[in-house]
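Participant: For the protein sequence lines, the chains are A and B, in the order given. 1 is the number of the first residue of the first sequence in the UniProt record's numbering; add one for each residue after it. 1 is the number of the first residue of the second sequence in the UniProt record's numbering; add one for each residue after it.
Treat the hints with care, since some could be wrong.
[Said to hold, decoys possible] Below, a list of computed lysine-lysine pairs in the BS3-like style, where the Cα atoms sit at most 27 angstroms apart:
{"id": "1", "chain 1": "A", "residue 1": "Lys332", "chain 2": "B", "residue 2": "Lys509"}
{"id": "2", "chain 1": "A", "residue 1": "Lys222", "chain 2": "B", "residue 2": "Lys204"}
{"id": "3", "chain 1": "A", "residue 1": "Lys45", "chain 2": "A", "residue 2": "Lys7"}
{"id": "4", "chain 1": "B", "residue 1": "Lys66", "chain 2": "B", "residue 2": "Lys7"}
{"id": "5", "chain 1": "B", "residue 1": "Lys462", "chain 2": "A", "residue 2": "Lys509"}
{"id": "6", "chain 1": "B", "residue 1": "Lys222", "chain 2": "A", "residue 2": "Lys332"}
{"id": "7", "chain 1": "B", "residue 1": "Lys545", "chain 2": "B", "residue 2": "Lys509"}
{"id": "8", "chain 1": "A", "residue 1": "Lys509", "chain 2": "A", "residue 2": "Lys7"}
{"id": "9", "chain 1": "B", "residue 1": "Lys144", "chain 2": "B", "residue 2": "Lys222"}
{"id": "10", "chain 1": "A", "residue 1": "Lys222", "chain 2": "A", "residue 2": "Lys509"}
{"id": "11", "chain 1": "A", "residue 1": "Lys319", "chain 2": "A", "residue 2": "Lys45"}
{"id": "12", "chain 1": "B", "residue 1": "Lys187", "chain 2": "B", "residue 2": "Lys204"}
[Unchecked claim] Facing chain A, according to a computed beta carbon distance under 8 angstroms, are these residues of chain B, among others:
{"id": "13", "residue": "Glu164"}
{"id": "14", "residue": "Gly168"}
{"id": "15", "residue": "Asn293"}
{"id": "16", "residue": "Val327"}
{"id": "17", "residue": "Phe418"}
{"id": "18", "residue": "Tyr437"}
{"id": "19", "residue": "Ala442"}
Calculated from the structure, these hints are not laboratory results. Ideal placement from N, C-alpha and C gives every residue a C-beta, glycine not left out.
There are 2 protein chains.
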Amino acid sequence: MYNAPLKDMLFVMKELAGLEDIATLPGFEDAGLETAQAVLDESAKLCGEVLAPLNVEGDRNPSAWKDGVVTATPGFREAFRQFAEGGWQGVQHPVEYEGQGLPKLIATPCMEMLNASNLSFALCPLLTDGAIEALLTAGTEAQKQTYVPKLIAGVWTGTMNLTEPQAGSDLALVRTRAEPQGDGSFKVFGTKIFITWGEHDMAKNIAHLVLARTPNAPEGVKGISLFIVPKFLVNADGSLGERNDVHCVSIEHKLGIKASPTAVLQFGDHGGAIGYLIGEENRGLEYMFIMMNAARFAVGMQGVGVSERAYQKAVGYAKERVQSRPVDGSAKQPVAIIQHPDVRRMLSTMRSLTEASRALAYVAAAHCDVAHRHPDAATRAEHQAIYEFLVPVVKGWSTELSLEVTSLGVQVHGGMGFIEETGAAQYYRDARILPIYEGTTAIQANDLIGRKTVRDGGAVAKSLLADVAQTIGALGRHDTPACRSMKRYLELGHGSLAAAIDFVVANVKRDPKAVFAGSVPYLKLAGIVLGGWQMARALLVAMEKREDDPSFYGAKIATARFFAEHVLSQASALEASIVTAKGDEGVLALDADQF
Amino acid sequence: MYNAPLKDMLFVMKELAGLEDIATLPGFEDAGLETAQAVLDESAKLCGEVLAPLNVEGDRNPSAWKDGVVTATPGFREAFRQFAEGGWQGVQHPVEYEGQGLPKLIATPCMEMLNASNLSFALCPLLTDGAIEALLTAGTEAQKQTYVPKLIAGVWTGTMNLTEPQAGSDLALVRTRAEPQGDGSFKVFGTKIFITWGEHDMAKNIAHLVLARTPNAPEGVKGISLFIVPKFLVNADGSLGERNDVHCVSIEHKLGIKASPTAVLQFGDHGGAIGYLIGEENRGLEYMFIMMNAARFAVGMQGVGVSERAYQKAVGYAKERVQSRPVDGSAKQPVAIIQHPDVRRMLSTMRSLTEASRALAYVAAAHCDVAHRHPDAATRAEHQAIYEFLVPVVKGWSTELSLEVTSLGVQVHGGMGFIEETGAAQYYRDARILPIYEGTTAIQANDLIGRKTVRDGGAVAKSLLADVAQTIGALGRHDTPACRSMKRYLELGHGSLAAAIDFVVANVKRDPKAVFAGSVPYLKLAGIVLGGWQMARALLVAMEKREDDPSFYGAKIATARFFAEHVLSQASALEASIVTAKGDEGVLALDADQF
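The shape of chain A in the complex, shown without the other chains:
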């Protein structure tokens, strides 16, 4: 069971992410509230009715490999057909390639629903989005025309081939070779691992985007190029030709997302896999980063989605399960466990973390839309910088907190949570990959520090802090317990984040080990302060509109207060982790052999 939280989603889109402003951007004139509502309603139906029921099935009957052929979980193929025919792969892609050309702000809740309903299934469109993004960024017009409409139609799907056994986080170690054939094509040789939906039977062709080295390419990341290697070669008329020399030699046996096949792909074992260069030689990593920003944001939405799903399941159980009398003696009989304070604390933690991460992600999506569509270049650049700052936070923080949320989801179920048939454990297992793939949390945190904070001397980070300060000022104009609490903890959080930014900028050259030892706490601190800022903004809206819908806005007020007291209150501890320790005395005090 999954019911998309449409009212919450629309609240965030409208009140926090500025949907109406987005609808004033060129090309988005039809993408206002009405469109958003209609699109979300349809998405909710598909996800709730078709994809959510297949989630458990995928866990019990994972994708299966036999003789190089991967068969998806029963039901997935038909569901993917419905997904594709509904146009869902194209929501945010350009109309000229048969996409729907809608704002990322509208695509994002669709992405959330897709992931909440079925994380394994959602990965196939997620990777296909990445391939589309790469082609649109760096492909020739012919490449775009050949591949993009097919990918958007869901007739073909896409993959990203980065990792090799010796090259995980460190792409400098990529060894896959691409040899020019003289006719403009290349022959690709090598082994790629951890390729999500790298082989399957849900589409007629698979477009593998592959990082490889050309002969004489420079060492390290500056010698990596991007190639497209289709599973079946494509004839000039767009029809499918010969089977290419890329083969799935096995799929992994994983902790979670079992329906999503994680392939080992062998390129060129039978003479060479035909591939075509995308963009310029040796600029592969640069293109990959563009598509990775999109993919990282999308993985952040996986965190939000699985958190929402785990929350809904836990609430359902807590309302049904009757156990123990109330602690205040207000009833003689056992009550539903949702009445017990600690269950309430767990559910409120799950809820407030999910809401905060959703709000931060949707706000980021709106910045992305402005960055792409605003007529003024300076405005575009400003929003692009904010979006790029937020991407590692959305990816890192939403996925880390999904571990806590799904773990609490198991805990709410008590002993039943540990029994696989209950279903809560699947979210706990599935979520565990999210802070790892598309760049571990440490990789996100290094990006947040290196490219996003230090490079501009903390300018973007501090501009966000200035906005937070404005919200703190607005909170000061309401004398209620919730606003007082939020003001107090948001101020403390603001102070901690400001101190952390200063520390990072001041010390990164002199003591890089100390700064990077605090990178993940820095990312988490940014997450709770910026997420808390969204909760504060929601609180202010709710204060104003409370009388229109007391239950809905009352819940927003209580949830914001809970977040302030139970989550934002962690800011000082994170600050301590970041600024206290010097590299060689703190985290790096021990020699490796003392471990």
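Starting from the structure of chain A, add chain B where the hints point.
Facilitator: Showing chain B alone in chain A's frame:
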């Protein structure tokens, strides 16, 4: 691979838990350092060589049920024979029933090793210990003579039968009936679920300890009695008689600890299961609590054990896996990931949490020994009160932190961590039950607040705080970075815990919902402050002895400092969660239907 951390264990036993003092207690005269060392060495051998290699096997080939018969994982039966023949079931049990009569302080590291090597296997002895404890507490001499030596010899094993489908945390809802037969025996009827090692083929008989109601017993927890229901009836000469009417109708399909069969037991479907009352009628819960204190402490050791195991595995991988150049540019080539600051932060978090939880548990075990053996009654009572205060902390905190430690263990492995063959994921799955069974963390926290803090007006809690203050004073006499840092954060933690104790004691009657809404944060706060206190004590010892063994004591100093800055620093956030929110405005502000 598991290497018991013998040096660390002996350090804690000797320097923090006062092994030499324990060896002055009556009956423990031979249980000094030499004995401890010999026992630990032998235990390490059995656990490292026999049980640890079976851990993965148990995950891949769980216990299997067929027609009421449960077959343990291949190898377990033989391993259990070795365990029993080595006398390991009897380490802490009385010599008069053929136990070894050693202090709990020596039994505890053995318990840790057992759990670190094989959590599923360790559960069988753990539950058998519980049965022995119950019999020693409330059994007749004949019952003790009949069962205890057999249980200690590992010829028979024991179980605890509390849970029923409608009665989990709430034992007031137990419905299993026991009807007197006129000959002193009873016939037991009912269904028990979640019975660990409730059926298996590793021993000749199973002694089920069962909570049930006699006819006309009072409602609720005051009408529950404790019975022993053997799988095979026992003849007067101790030989086995008829099969009793208790049958395993199924075992659960679980997230983890798969080798340990979790049975649904049906009592009395074929005329009634013969059972015998243990102790007095209607006092079952009281006896159960005595044995639960032991079992809860043991589950806390499961948390320590699985944390240590996950830590060792992560360290091994981090030393081998080569990826990326150092952030400070100190090498041109990729290095082992243990050189990267964030990996170091993760490993140090795992290490410091494991060491702190181990130290707190061993110190608690020493209090238990004094409480049982000291010649002076007042001293016994004082130590018993401290032990009882610490049991829910050891259980709740060690198991909650094992979730964090095992999760970090997966994260250190990156993508490989998500692949089941790697093994890191098993610890993550296995650990998830620990904060649930033998009383969820919320149940532990309620116990810590209700019975252990409020009942004596916070007296024991404050006596521990006074001891912490002494350590803070001692830290002030060393002007080094580690001691300054530890002093600072231990003082802050002391202040937060003091504030929380005052809040709990002052408000529990007036606003019980508010107090219990902070119960789990209160338990965690007690854990980090009291665990941090042990780290501080270790730091002081290390300062003094540093020159004797610079690597070992240097690591103690660095780990203590890390704990202070990265873990103890969370105290203020926990305090905020406890003392800020009023019941109806904070955690309980929403109606159930607003969720």
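Participant: All hints, please: hold or fail.
Facilitator: Do the hints match the structure? See the list:
no., hint, verdict
1, A:Lys332 / B:Lys509, "holds (17 angstroms)"
2, A:Lys222 / B:Lys204, "violated (67 angstroms)"
3, A:Lys45 / A:Lys7, "holds (15 angstroms)"
4, B:Lys66 / B:Lys7, "violated (44 angstroms)"
5, B:Lys462 / A:Lys509, "violated (46 angstroms)"
6, B:Lys222 / A:Lys332, "holds (15 angstroms)"
7, B:Lys545 / B:Lys509, "violated (48 angstroms)"
8, A:Lys509 / A:Lys7, "violated (47 angstroms)"
9, B:Lys144 / B:Lys222, "holds (25 angstroms)"
10, A:Lys222 / A:Lys509, "holds (23 angstroms)"
11, A:Lys319 / A:Lys45, "holds (24 angstroms)"
12, B:Lys187 / B:Lys204, "holds (22 angstroms)"
13, Glu164, "violated (11 angstroms)"
14, Gly168, "holds (5 angstroms)"
15, Asn293, "violated (20 angstroms)"
16, Val327, "holds (5 angstroms)"
17, Phe418, "holds (5 angstroms)"
18, Tyr437, "holds (7 angstroms)"
19, Ala442, "holds (4 angstroms)"
Of the hints listed earlier, those the structure fails to meet are numbers 2, 4, 5, 7, 8, 13, 15, in rising order.
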